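Peer 1: Single-letter residue listing:
2 protein chains.
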Amino acid sequence: MNKPLTVVFPLYPGVTQLDFTGPWQVLMHLPGARLIAASLGGESIVSEGLNFASLQPLESLTECDVLCVPGGGGCTDAMKNPDFISHIQRLADNATYVTSVCTGSLILAAAGILRGKRAACHWMYLDTLAWFGAIPVSERVVRDGNIFSGGGVTAGIDFALTLVAELAGEERAQRIQLGLEYAPAPPFNAGHPDVAPAALVAQQLASTAALRERRRQIIQEISLQ
Amino acid sequence: MNKPLTVVFPLYPGVTQLDFTGPWQVLMHLPGARLIAASLGGESIVSEGLNFASLQPLESLTECDVLCVPGGGGCTDAMKNPDFISHIQRLADNATYVTSVCTGSLILAAAGILRGKRAACHWMYLDTLAWFGAIPVSERVVRDGNIFSGGGVTAGIDFALTLVAELAGEERAQRIQLGLEYAPAPPFNAGHPDVAPAALVAQQLASTAALRERRRQIIQEISLQ
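Going line by line, the protein sequences match chains A and B.
All residue numbers for the first sequence refer to this note's numbering, where the first residue is 247 and numbers rise by one.
All residue numbers for the second sequence refer to this note's numbering, where the first residue is 247 and numbers rise by one.
Rather than coming from a laboratory, the hints here were simulated on the basis of the structure.
Possibly wrong hints are sitting among the right ones.
[Unchecked claim] Below 25 Å or equal to it, Euclidean Cα-Cα: the simulated DMTMM-like pairs (lysine to aspartate or glutamate) are:
#, chain 1, residue 1, chain 2, residue 2
1, A, Lys249, B, Glu305
2, B, Lys249, A, Glu294
3, B, Lys249, B, Glu305
4, A, Lys249, A, Asp311
5, A, Lys249, A, Glu309
6, A, Lys326, A, Glu294
[Unchecked claim] In silico negatives: residues of chain A with every beta carbon more than 10 Å from chain B:
#, residue
7, Asp311
8, Asp329
9, Ala341
10, Thr400
11, Ala455
[Said to hold, decoys possible] From the derived model, a few chain A residues whose C-beta atoms are all more than 12 Å from chain B:
#, residue
12, Pro269
13, Asn327
14, Gly425
15, Asn435
16, Gln463
Computed from a predicted structure; not experimentally measured.
C-beta: ideal position from N, C-alpha, C; glycine also.
Bound conformation, chain A alone (with noise of 0.2 Å):
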């Protein structure tokens, strides 16, 4: 790693702010990266209460090595925002790696970026990446050729250190885990459907069907223009 290697995250209206915060505490300590928070127009970017000022303007970027678009309740708006878009497909055609974390991979699959290709996303979505032509994967972190995906949001920080490997080794990956203090004991097992209990699940799905149900709704939309 002797030259310098950059990072782009993509920031928007709505954007789950630990999609990109898991990736960044990983990736910041990668040697010669530098990472950039950007934003259409530079605009500051709330995200459930925390407001992240003094982004770039997306404009302003004319390549990177890296491209990570997060996901978030927003993720709708922004695949419907041409500008958006334009920046995500101009930044990606010249990138040595195209990657999101949850449903960031959709975003991805609307600049047209996931046609034949094997992704990762929030489990509640996954299934919806088809109608983009990509091939739904449901893996904590999938690889297809230089784009990297990783699952819902808190898998940002297993694709960081997946990537973190490819990048400068396996050994830079594993110093980078211990100083995190990434040995993760998540005091339940309930953080995927296929190992939360059913009736958890059930219930979950329940109190998000009218959300979950007008959001596919758009991303299906989106789909078909």
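Following the hints, complete the assembly by docking chain B onto the known chain A.
Peer 2: Showing chain B alone in chain A's frame:
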């Protein structure tokens, strides 16, 4: 959870952002919770390249239900800042739960809050808690009465789920875990000295030796004041 529950995160220069963005992402789903990121004078905090703006002045906060102090390389400066420490003491005095992530426990210790109390910390500095009369415990999440502390950085997510279970029940914590897809699958098993390859731990200790020793000396000086 009928009445609003106020959670205050006191930020300071040199805070590690994942120490609070992780718990923030969990606790924001706690029904009725109001999360507040604060700093001395409400000054923006730049943490590892991310600029957190629109912070509440610590001076303006009269009380909170949960105080959550994150860690970071700047913790020693925070420990030496009498203004900052006095706000920690004042808010802790009336909080129902006093909590920390990573080296945030050293700040609680410097504020005199952990005497005789069991607490967690980042593995590199865990033993230094004893210099303040606290009882260091090498666990991911430690509880002593109304004091909850998490280990290094990423332990903040496990800590926050544990706190949600205390405040709103296990089912709520599990639903948040499911929503954040927190079924961690680290690509390596190197997140703690107990499990990482011995050579890796030795290398990490060697490469951080000068920094660690300097920090430990500062922590010791503070503990003797």
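Peer 1: Provide an ascending list of the numbers of those earlier hints which the structure does not satisfy.
Peer 2: 1, 10, 12, 14 and 15
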